[in-house]
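Novice: All chains should be built: construct the whole structure from the sequences, respecting the hints.
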Amino acid sequence: MPSIRSRSIDPTDLLTAIARGAEMMSQRNSWPDGVNTLLAELGRSTGVSRVWIFQTVELGLNHIIQDYVFEWAAAPHYAQIGMSCFSMSKRHFDLPEYRALIDSRRHGEHQSMLPRELPPSWLRTHLLDDQSIQSMLTIPIFVDGLWWGTLGFDDCEREYRWSKPEVALLRTASALITSAILRDQLSARDKQFEILKSLTDSSAWKIDLKTGRSWVTGDLVKRPGQPPADRSLNMLGLCRLVHPEDIRGLIKAIQDYVANAEGTLRHDVRLRHHASNQHWVEIIGSLSRDLQGRPGQLAGIAVDIRHRKRREIVLQRMAETDSLTGAVNRRAFDEHLEYQLSKPQLKDSPLSLLMLDLDHFKAINDAWGHPIGDMVLKAFAEICRTNLRDGDVLARLGGEEFALLLPGANTQAACVAGERIRRTVEAFRLECCAELRITVSIGCATCRCGLSTSEELLNAADAVLYQAKREGRNQLVTASSSMIN
Numbered sequence: 119m120p121s122i123r124s125r126s127i128d129p130t131d132l133l134t135a136i137a138r139g140a141e142m143m144s145q146r147n148s149w150p151d152g153v154n155t156l157l158a159e160l161g162r163s164t165g166v167s168r169v170w171i172f173q174t175v176e177l178g179l180n181h182i183i184q185d186y187v188f189e190w191a192a193a194p195h196y197a198q199i200g201m202s203c204f205s206m207s208k209r210h211f212d213l214p215e216y217r218a219l220i221d222s223r224r225h226g227e228h229q230s231m232l233p234r235e236l237p238p239s240w241l242r243t244h245l246l247d248d249q250s251i252q253s254m255l256t257i258p259i260f261v262d263g264l265w266w267g268t269l270g271f272d273d274c275e276r277e278y279r280w281s282k283p284e285v286a287l288l289r290t291a292s293a294l295i296t297s298a299i300l301r302d303q304l305s306a307r308d309k310q311f312e313i314l315k316s317l318t319d320s321s322a323w324k325i326d327l328k329t330g331r332s333w334v335t336g337d338l339v340k341r342p343g344q345p346p347a348d349r350s351l352n353m354l355g356l357c358r359l360v361h362p363e364d365i366r367g368l369i370k371a372i373q374d375y376v377a378n379a380e381g382t383l384r385h386d387v388r389l390r391h392h393a394s395n396q397h398w399v400e401i402i403g404s405l406s407r408d409l410q411g412r413p414g415q416l417a418g419i420a421v422d423i424r425h426r427k428r429r430e431i432v433l434q435r436m437a438e439t440d441s442l443t444g445a446v447n448r449r450a451f452d453e454h455l456e457y458q459l460s461k462p463q464l465k466d467s468p469l470s471l472l473m474l475d476l477d478h479f480k481a482i483n484d485a486w487g488h489p490i491g492d493m494v495l496k497a498f499a500e501i502c503r504t505n506l507r508d509g510d511v512l513a514r515l516g517g518e519e520f521a522l523l524l525p526g527a528n529t530q531a532a533c534v535a536g537e538r539i540r541r542t543v544e545a546f547r548l549e550c551c552a553e554l555r556i557t558v559s560i561g562c563a564t565c566r567c568g569l570s571t572s573e574e575l576l577n578a579a580d581a582v583l584y585q586a587k588r589e590g591r592n593q594l595v596t597a598s599s600s601m602i603n
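If you want my numbering, it's the 1-based position in the sequence shown plus 118.
Check before you lean on any hint, since a few could be wrong.
Said to hold, decoys possible - Okay, derived cross-link-like pairs now, PhoX-like style, lysine-lysine, Cα gap no bigger than 20 Å in a straight line:
no.: 1; residue 1: Lys370; residue 2: Lys328
no.: 2; residue 1: Lys461; residue 2: Lys370
no.: 3; residue 1: Lys496; residue 2: Lys480
no.: 4; residue 1: Lys324; residue 2: Lys370
Said to hold, decoys possible - Pair by pair, the computed Cβ-Cβ distance ranges are:
no.: 5; residue 1: His181; residue 2: Arg448; range: 45 to 55 Å
no.: 6; residue 1: Arg428; residue 2: Ser202; range: 55 to 65 Å
no.: 7; residue 1: Ser441; residue 2: Arg538; range: 24 to 34 Å
no.: 8; residue 1: Asp128; residue 2: Arg234; range: 20 to 30 Å
no.: 9; residue 1: Gln585; residue 2: Leu548; range: 26 to 36 Å
no.: 10; residue 1: Pro238; residue 2: Ser202; range: 23 to 33 Å
no.: 11; residue 1: Val261; residue 2: Arg366; range: 35 to 45 Å
no.: 12; residue 1: Leu354; residue 2: Ser205; range: 48 to 58 Å
Please keep in mind that the hints were generated in silico from the structure rather than gathered at the bench. Here the structure is a predicted model, which is why all the values come from computation and not from measurement. No residue lacks a Cβ here, since even glycine has one placed at the ideal position from N, Cα and C.
Specialist: Right, dumping it as structure tokens:
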């Protein structure tokens, strides 16, 4: 039978060890050397065989992957670091006692056990027979509310029952490790942000969704003649940074993103104190949640996009419309289509496309001349425009072929609009040549944004347009779902 340690750990020795470790951990580059020093101090003051840290790499529903990342051993034959069975080890939760152990740790509970007293089980065999552990204490390490790993103390020579004060002190050591991890992560993020800032001219921000408090770097709040300084703001103060015309759109974008929590938040706004020179930034952020899955913090960067906006303005001033009909041209239409298909907030909203082709238009030009043909095109475009909603896009793709892009319209709504156009065109007569009859063939295709590419949607609508023409013209044909999936 193993011996039982006769005396308790001297609290003064343990406090001294934690203080020495804290001093080392407080230094700027405390990871990983400071952690090794802390484990050594704890090991010598407690008299255990080894002190170790297992990092939780992946925690699934039915398995866990852990990596043995730190260890202090009182003697070489106690060392386990580097063993393949402990490096990136994956274990399944087939055994109830192991699942219970993991559940306890992920809920922040420590475990103090004497393996000899455990009932016959895999856990008893693993600790006592495989590793010769006579007594064990484990304390979970949490970072940002998540179970990051486990701090463990193994005694392979004696059994020892850890007291509550000793466990409380060692939890302090666990908190020191948490602080070192956070500092290391912050240092890494600072370095990454400095690189990103040098490349993109970015500023950082974060919003605590529970308290409504926000924090921004000085670049976003600097005033002329004043050095930039980081600031903490309430929601009203944060909104004051944004141009008044952009506040509502930004709030809606944030609300939609928090509600869906998919991908990355991206939204363009103007900064209010730079309104005179149109200082545009792109807000890019991601959402973190607490242990209960509730939205916790929204954080990210604001990227200076003034150069991009200038390019966009130049592009907008370029010829986007067809000079004859006033409809957008093919290039502008393609941009509208790609934009609608890529909008994350429309991932559950339908998008319909009508392809419209004036029937026998070449014969009209041949019989009546191109001036009359131009009048027909202009009249047709005006008929289409009278049936547009805000956000709909009418495009002349070439010759007598047009397209109507209908965001948010399902197949039924798109067909109603298309039939209304078809009937109006059929009844329309030019004053100068009332005997000229005009008809239009229409193909309709609908997809949900994110499920179809622009090419697939165009091909589907084009296919049924030509079906309408083959079947007699002056009609609307709708694409089946199989044509666009």
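Novice: Against each hint, give a clear statement of whether it holds in the structure.
Specialist: Evaluation of the provided hints:
no. : hint                         : result
1   : Lys370 to Lys328             : holds (18 Å)
2   : Lys461 to Lys370             : holds (14 Å)
3   : Lys496 to Lys480             : holds (16 Å)
4   : Lys324 to Lys370             : holds (17 Å)
5   : His181 to Arg448: 45 to 55 Å : holds (53 Å)
6   : Arg428 to Ser202: 55 to 65 Å : holds (57 Å)
7   : Ser441 to Arg538: 24 to 34 Å : holds (27 Å)
8   : Asp128 to Arg234: 20 to 30 Å : holds (26 Å)
9   : Gln585 to Leu548: 26 to 36 Å : holds (29 Å)
10  : Pro238 to Ser202: 23 to 33 Å : holds (27 Å)
11  : Val261 to Arg366: 35 to 45 Å : holds (37 Å)
12  : Leu354 to Ser205: 48 to 58 Å : holds (52 Å)
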